[in-house]
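Spelled out, the chains give:
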Amino acid sequence: MIHYNKFTLANGLRVIVHEDHTTPMAVVNVMYDVGARDEDPSKTGFAHLFEHLMFGGSVNIPEYDEPLQMAGGENNAFTTSDLTNYYIQLPAENIETAFWLESDRMLSLAFSEKSLDVQRKVVCEEFKEHYINKPYGDVWHKMRDLAYAVHPYKWMTIGKELSHIENARLEDVKDFFFKYYRPANAILVVGGHVTTAQVKLLAEKWFGDIPGGQRIQRNLPIEPPQTAAHKLEVKSNVPLDALYKCYHMPGRTTKEYYATDLISDILGGGASSRLNQVLVKEKKLFSNIDCYHFGTLDAGLLTIEGKLVKGVKMKDAEKAIQEEIDKIQQTAIPERELQKVKNRVESMLAFEDMGLLNRANNLAFYELIGDAAMMNEEFSHYEAVTSADMHHEAQHLFDEKNSNTIYYYAG
Amino acid sequence: MINRKIAPEIKDATEFDITLKPYEKVTLDNGIPVYIIKSDEQDTLQLELVFPGGSWYETENLVASATNFLMKNGSGKHTALQINENIDYYGAYLNRNSHHEYATYTLHCLTKHFEALVPVLQEVIQDPAFPEEELAIFRQNMKQRLAVNLQKCDFVANRHIDKYLFGEFHPYGRVSSMDAYDALQTPTLQAFYKQHYTYNNCKIFVAGHLPANLIELLNQAFGKEKWNGESSIIRPEIPVITAEEKKFRIFNDENGVQGAIRVARPFPNRYHPDFPKMLVLNTILGGYFGSRLMSNIREEKGYTYGIHSQLYNFRQTSALNIQTEAGRDVCEATIEEIYKELHTLQKEAVPEDELHLVRNFMIGSILGDLDGAFEVIQRWKNLILNGLDENYFYNNIKVIKTITSEELQELAQEYLTPEDFYELVVI
Numbered sequence: 001m002i003h004y005n006k007f008t009l010a011n012g013l014r015v016i017v018h019e020d021h022t023t024p025m026a027v028v029n030v031m032y033d034v035g036a037r038d039e040d041p042s043k044t045g046f047a048h049l050f051e052h053l054m055f056g057g058s059v060n061i062p063e064y065d066e067p068l069q070m071a072g073g074e075n076n077a078f079t080t081s082d083l084t085n086y087y088i089q090l091p092a093e094n095i096e097t098a099f100w101l102e103s104d105r106m107l108s109l110a111f112s113e114k115s116l117d118v119q120r121k122v123v124c125e126e127f128k129e130h131y132i133n134k135p136y137g138d139v140w141h142k143m144r145d146l147a148y149a150v151h152p153y154k155w156m157t158i159g160k161e162l163s164h165i166e167n168a169r170l171e172d173v174k175d176f177f178f179k180y181y182r183p184a185n186a187i188l189v190v191g192g193h194v195t196t197a198q199v200k201l202l203a204e205k206w207f208g209d210i211p212g213g214q215r216i217q218r219n220l221p222i223e224p225p226q227t228a229a230h231k232l233e234v235k236s237n238v239p240l241d242a243l244y245k246c247y248h249m250p251g252r253t254t255k256e257y258y259a260t261d262l263i264s265d266i267l268g269g270g271a272s273s274r275l276n277q278v279l280v281k282e283k284k285l286f287s288n289i290d291c292y293h294f295g296t297l298d299a300g301l302l303t304i305e306g307k308l309v310k311g312v313k314m315k316d317a318e319k320a321i322q323e324e325i326d327k328i329q330q331t332a333i334p335e336r337e338l339q340k341v342k343n344r345v346e347s348m349l350a351f352e353d354m355g356l357l358n359r360a361n362n363l364a365f366y367e368l369i370g371d372a373a374m375m376n377e378e379f380s381h382y383e384a385v386t387s388a389d390m391h392h393e394a395q396h397l398f399d400e401k402n403s404n405t406i407y408y409y410a411g
Numbered sequence: 001m002i003n004r005k006i007a008p009e010i011k012d013a014t015e016f017d018i019t020l021k022p023y024e025k026v027t028l029d030n031g032i033p034v035y036i037i038k039s040d041e042q043d044t045l046q047l048e049l050v051f052p053g054g055s056w057y058e059t060e061n062l063v064a065s066a067t068n069f070l071m072k073n074g075s076g077k078h079t080a081l082q083i084n085e086n087i088d089y090y091g092a093y094l095n096r097n098s099h100h101e102y103a104t105y106t107l108h109c110l111t112k113h114f115e116a117l118v119p120v121l122q123e124v125i126q127d128p129a130f131p132e133e134e135l136a137i138f139r140q141n142m143k144q145r146l147a148v149n150l151q152k153c154d155f156v157a158n159r160h161i162d163k164y165l166f167g168e169f170h171p172y173g174r175v176s177s178m179d180a181y182d183a184l185q186t187p188t189l190q191a192f193y194k195q196h197y198t199y200n201n202c203k204i205f206v207a208g209h210l211p212a213n214l215i216e217l218l219n220q221a222f223g224k225e226k227w228n229g230e231s232s233i234i235r236p237e238i239p240v241i242t243a244e245e246k247k248f249r250i251f252n253d254e255n256g257v258q259g260a261i262r263v264a265r266p267f268p269n270r271y272h273p274d275f276p277k278m279l280v281l282n283t284i285l286g287g288y289f290g291s292r293l294m295s296n297i298r299e300e301k302g303y304t305y306g307i308h309s310q311l312y313n314f315r316q317t318s319a320l321n322i323q324t325e326a327g328r329d330v331c332e333a334t335i336e337e338i339y340k341e342l343h344t345l346q347k348e349a350v351p352e353d354e355l356h357l358v359r360n361f362m363i364g365s366i367l368g369d370l371d372g373a374f375e376v377i378q379r380w381k382n383l384i385l386n387g388l389d390e391n392y393f394y395n396n397i398k399v400i401k402t403i404t405s406e407e408l409q410e411l412a413q414e415y416l417t418p419e420d421f422y423e424l425v426v427i
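Line by line, the protein sequences are chains A and B.
Residue numbers for the first sequence follow the UniProt record's numbering, so the first one is 1 and each next one is one higher.
Residue numbers for the second sequence follow the UniProt record's numbering, so the first one is 1 and each next one is one higher.
Hints were generated in silico from the structure; no laboratory data involved.
As the structure is a prediction and not an experimental result, all values here were calculated from the model.
Even glycine gets a Cβ: it sits at the ideal position worked out from N, Cα and C.
Where hints are given, some of them may not hold.
[As the list claims (entries may be wrong)] So these bits of chain B aren't anywhere near chain A, every CB distance computed over 10 angstroms: (1) Gln-42; (2) His-108; (3) Leu-135; (4) Ala-349; (5) Phe-374.
[Said to hold, decoys possible] If you want a taste of the chain A side facing chain B, the calculated C-beta under 8 angstroms gives, among others: (6) Val-122; (7) Lys-235; (8) Pro-239; (9) Ala-350.
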């Protein structure tokens, strides 16, 4: 059970305080309700590039990192398709430094041409390091494009192509900032060795006078149900053939999400999962295989991916996966196996909650998707899933028409 | 109105009193030491068994890591699947690791499931069967993984730089190969297991929320028998042979759009008085986001997504290693900038405000790292396995708090001469 207090400032900034007096540290987490899905299709990668620019100085503070390091703090940030999150950890005595820094960059950035110029290059190198210069690094660009017809999950957070990042202008940066980086669109979580009264004072003092802005109203295109299987063959300079299968799955806030998540664990969670046991150990068709999804807020993709053992034919490998999928569709999950995946979730949640930063980040996330209180109810949703629910979900999830397959050949 | 241009007051690093929470030590009936850090804030625990079974002790390449990996894949009573299913059923994680010196098995679980998991742990440690089929699968899958990794410039660069620093036959410079995987044989693994995973070589580290009957459970499983007999492990002396050449360029992928750069030199081990001082100089050079290398090469020039320097924590001897992946056409310019930064540290004393910032950053970072029982036991483990105690930890903190700009410059003059560094680009 994670305890917290919640209040909202007059400008709309939602504030959550999670007191934990067993640590000498404090964390400050600011989550903005904007991600790659909010981008213009001709300016992709922008939310993430923007995250880099948030470290390039703000209107009253030329350097973001230096004063924080001087206060013994560390920070980082990440951007997903759905949201952008900034976090700081520092000794609790120096908490006000974090308020000072975070509030000033919420007030306004410095919008320096130099910072934009450098970060464009840095992000291009990040793009190359992770998606061009790695074997199989391009597969997710191809898969998203294959699987989505209209929804902005069609492109990756890093961006569709290098040119989109190279062409970003300072005007775009300003527009983006004043549209999305407003108190009304943000959630502030403060955790650790702090009191709610202290946070109230500090939040009013530093964030209270920032113009609130508008909470953004999304009107994203809804992905229509897929009506035919999509397939793509790729040949690339890689050493092994690989197979990727993605199925459209329910979004993070739906009731069906939980059964689907457990299905992915039955197939690919842990060394005893079905795909690992049958396809790697018994049939020896794959050298490794995984089943996972990204927990996206809008409808996402349940993914099965594996590298084929040298000499194994693609169609044999695919057939063997299909047999496991047929089993899930036709036969009820045995009671012990269902209990196993629930136990795994319980344990995973407990280990996740050990870190103060994780707790703060999760509180912000649940508040973003509805209410921080949902964090404490999460496991009960998994506990409630029955074998029949999973059987039901598996039918349309694994419908052949709902599938997207990439045959990635070594060439 | 508040004045946003003025930073709030801060408490300085030197004023923070960092204490390393002491451990409790219990000895099992057969003499196995158990080091304990209790914390009742969560419902989780971590238990680690440590053996002197790292690559230092192997006589054939990869034997230590293969032994460590395969112990979990089948016992006298259960198949790999049954063992894995049992661990997964309780939502636990049983991770194995093999480093240069030590090999470990680490259990993470909810405290309420610990008792049920002890027999599994006992079986894995005391009764591994090393089935032929599991070795065959391991060999094949590891070779496939290696084939993929060999296409990555950073992976290839890491292998080569360690070879230049330590020699290709030294455990620190030796690398995996298809041939070495092919050569692995079950009897060799069994023999290595029998010699290194014995009761008298075992140490246990536990942290978290512990069951009341912890010691009783551990005694039943690990403390009664002299399992695997008594074996005395002698740590052989293995000489380091560094490369003669200093500069290397390797083309691994003709279409590569980035190069993996490594600039590294040997450095004394952690017992040398310069080691803790170098930790500070390394931080200034490339050990945090505001470092000289990051500020110049990422934040000023945009040549890379990240550049870091690190001091290896190896036992026999260490090394200072600067690493980055940079755009293919700016690799040579990046190396030039790295040398410029080394020169600057030799020529000019680190300004007082920068040193002040680095002190504060390092102390804050240690304070954060010590947050939680798992983190505290990790610190203790590193001290104990290296024959050190809390004085070493407190001395490092004292060095961070008191080292002067003059000392850092002297250190830079001794150790940061560009000609002493190995230099490698893998494209």
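Consistency of the hints with the structure:
A Cβ of chain A approaches the Cβ of Gln-42 (chain B) within 10 angstroms, the least distance being about 5 angstroms, so the stated non-interface status is violated. The claim that His-108 (chain B) is not at the interface with chain A is violated, since a C-beta of that chain comes within 10 angstroms of its own (minimum 7 angstroms). For Leu-135 (chain B), the condition that its CB be more than 10 angstroms from all CB atoms of chain A holds, with the nearest at approximately 13 angstroms. Look at Ala-349 (chain B): its CB is around 19 angstroms from the nearest CB on chain A, clear of 10 angstroms, so calling it non-interface holds up.
A cut-off of 10 angstroms between C-beta atoms contradicts the statement that Phe-374 (chain B) is not in contact with chain A; the least separation is 8 angstroms. Given hint, Val-122 (chain A) at the interface with chain B, holds; its Cβ is 5 angstroms from that chain's nearest Cβ, closer than 8 angstroms. Interface restraint check for Lys-235 (chain A): the shortest CB-CB distance to chain B comes to about 14 angstroms, outside 8 angstroms, so the restraint is violated. With its C-beta approaching chain B no nearer than about 4 angstroms, Pro-239 (chain A) sits inside the 8 angstroms limit, and its interface hint holds.
Against a cut-off of 8 angstroms between C-beta atoms, the interface hint on Ala-350 (chain A) holds, since the closest Cβ of chain B lies about 5 angstroms away.
Hints 1, 2, 5, 7 from the earlier list are contradicted by this structure; the remaining hints agree with it.
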